[in-house]
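Engineer: Sequence:
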Amino acid sequence: MTTNLVLPSISVVRQARSPPGAEAPRFPPWLHLKGVPDMRLGRPARTAIIGIALILGVVACSTGGSTTASAPSSAPANGGLEKTEIKVATLPAIDSAALYVAIDQGLFEKEGLEVTPQVVQASPEAIPMMLNGEIDAMFGNYVSMFAAHDKGSLKLRILAEGSRASPDSLSIMALPDSPIKAPKDLEGKTINVNVLHNFQELALTQVLKANNVDPATIKYVQVTFQNIMPSWKGGQIDAAYLGEPMVTAATASMGARKILDPASGPAAEFPISGYVSTQEWYDKNPKVAAAFQRAIHNAGKLMENNREVVAKVLPTFTQINAATAATVTFPYFSSNDNPVRLQRVADWMLEAKWLSKAIDVKTLMSPTTSG
Numbered sequence: 001m002t003t004n005l006v007l008p009s010i011s012v013v014r015q016a017r018s019p020p021g022a023e024a025p026r027f028p029p030w031l032h033l034k035g036v037p038d039m040r041l042g043r044p045a046r047t048a049i050i051g052i053a054l055i056l057g058v059v060a061c062s063t064g065g066s067t068t069a070s071a072p073s074s075a076p077a078n079g080g081l082e083k084t085e086i087k088v089a090t091l092p093a094i095d096s097a098a099l100y101v102a103i104d105q106g107l108f109e110k111e112g113l114e115v116t117p118q119v120v121q122a123s124p125e126a127i128p129m130m131l132n133g134e135i136d137a138m139f140g141n142y143v144s145m146f147a148a149h150d151k152g153s154l155k156l157r158i159l160a161e162g163s164r165a166s167p168d169s170l171s172i173m174a175l176p177d178s179p180i181k182a183p184k185d186l187e188g189k190t191i192n193v194n195v196l197h198n199f200q201e202l203a204l205t206q207v208l209k210a211n212n213v214d215p216a217t218i219k220y221v222q223v224t225f226q227n228i229m230p231s232w233k234g235g236q237i238d239a240a241y242l243g244e245p246m247v248t249a250a251t252a253s254m255g256a257r258k259i260l261d262p263a264s265g266p267a268a269e270f271p272i273s274g275y276v277s278t279q280e281w282y283d284k285n286p287k288v289a290a291a292f293q294r295a296i297h298n299a300g301k302l303m304e305n306n307r308e309v310v311a312k313v314l315p316t317f318t319q320i321n322a323a324t325a326a327t328v329t330f331p332y333f334s335s336n337d338n339p340v341r342l343q344r345v346a347d348w349m350l351e352a353k354w355l356s357k358a359i360d361v362k363t364l365m366s367p368t369t370s371g
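Under UniProt numbering, the very last position in the sequence shown is 371; numbers go up by exactly one each time.
Hints are supplied without guarantee of correctness; some may be wrong.
What the hints assert, rightly or not - Each computed PhoX-like pair below joins lysine-lysine, with the alpha-carbon atoms no more than 25 Å apart:
#, residue 1, residue 2
1, Lys362, Lys301
2, Lys151, Lys181
3, Lys151, Lys189
4, Lys110, Lys301
5, Lys233, Lys258
6, Lys151, Lys301
7, Lys284, Lys151
8, Lys155, Lys301
9, Lys233, Lys219
10, Lys362, Lys284
11, Lys301, Lys284
12, Lys87, Lys184
13, Lys357, Lys151
14, Lys233, Lys184
15, Lys151, Lys184
16, Lys301, Lys287
17, Lys83, Lys258
18, Lys209, Lys357
19, Lys258, Lys209
20, Lys110, Lys284
21, Lys83, Lys219
22, Lys184, Lys155
23, Lys110, Lys87
24, Lys362, Lys155
25, Lys301, Lys87
26, Lys209, Lys83
27, Lys219, Lys181
28, Lys219, Lys209
29, Lys287, Lys110
To be verified - Beta-carbon label-pair distances, calculated as ranges:
#, residue 1, residue 2, range
30, Gly188, Pro266, 37 to 47 Å
31, Glu85, Lys233, 26 to 36 Å
32, Thr84, Lys357, 15 to 25 Å
33, Ser153, Arg307, 37 to 47 Å
34, Gln279, Thr224, 16 to 26 Å
35, Gln343, Asn212, 21 to 31 Å
36, Lys287, Gly235, 47 to 57 Å
37, Thr190, Gly255, 29 to 39 Å
38, Ala182, Glu280, 32 to 42 Å
Hints are computed from structural coordinates only; laboratory data are not their basis.
Using N, Cα and C, we set each Cβ at its ideal position, and we do this for glycine too.
Full structure from sequences and hints, please.
Structural biologist: In structure tokens:
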């Protein structure tokens, strides 16, 4: 049975359209949970969301009722914004939820902003769009953005932090009959990642070292979301690097076993993604940047210990059934910016020789204007 979720339109959003003829993707059959309705990605009439969540998964909300929350106080729009309409590239993943909560709860509107999300499938795709002025800002993973900044192709300004890995939101998993029983058994094995030299590999390297596993023995192969299961079953990968909702699905439908949590130990609360612009855009639009940051921070405050606020917006950019929402693990959403925890990403990248020189993250961060 296919569950189609129809939500009220949100006046402050204008979704970017998919190319003509684009087919709405769906999760592969193996991801369907026994006893749970088919988790197909629908094609809402006015919501052009394509693609699927890659690392930190997506969840859906209940089709009944509505969720409202009292928004934290926000600085009123003063009419002095350099512009009132902005486009922000975002990912079809749960990590992006703060942007949609800020829209749904009127937090951008209170700041005098109209924000249009423009969905892309991976962070590197949005960087040239931002450089060309097609979008004002983007949501993406820090590793890709720091790498572009290091190469000189992007002069980066961090507007607001987005998501951090939470316990069990990521997992290194083995099939029921696999000889891999403990972290040490991962030595010499092949593990999938969505993109080589990205946050998955960066965080796992530190966790492997903490568990006395030599990370140099691990072979990483780039595998798309759709191909993880065939590669796993076919033996091309020995252990699967999964994010929600795949962790929950693989456990329930296949009896897959958790071997290691990549978001544990030294990688606990590892910063994954955030909202950024170019330095040039920030210099021209400092008031817009401050207003955007306040709205994102206030959204993060609403989302703390309030699962319903998150679940309500997820069907607007993902289409997973409500039953899944009750079981998957959410990442942490940031309600403030912390240069110390974000510096960890840049330091580990330098250690891995993914950067040519050290990055002082606090010099890239915008002043905090929210309370």
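Engineer: Which numbered conditions among the earlier hints are violated in the structure presented, ordered from lowest to highest?
Structural biologist: Hints 2, 3, 6, 8, 11, 12, 15, 17, 21, 22, 26, 30, 31, 32, 34, 37, 38 are the ones this structure does not satisfy, whereas the remaining hints hold.
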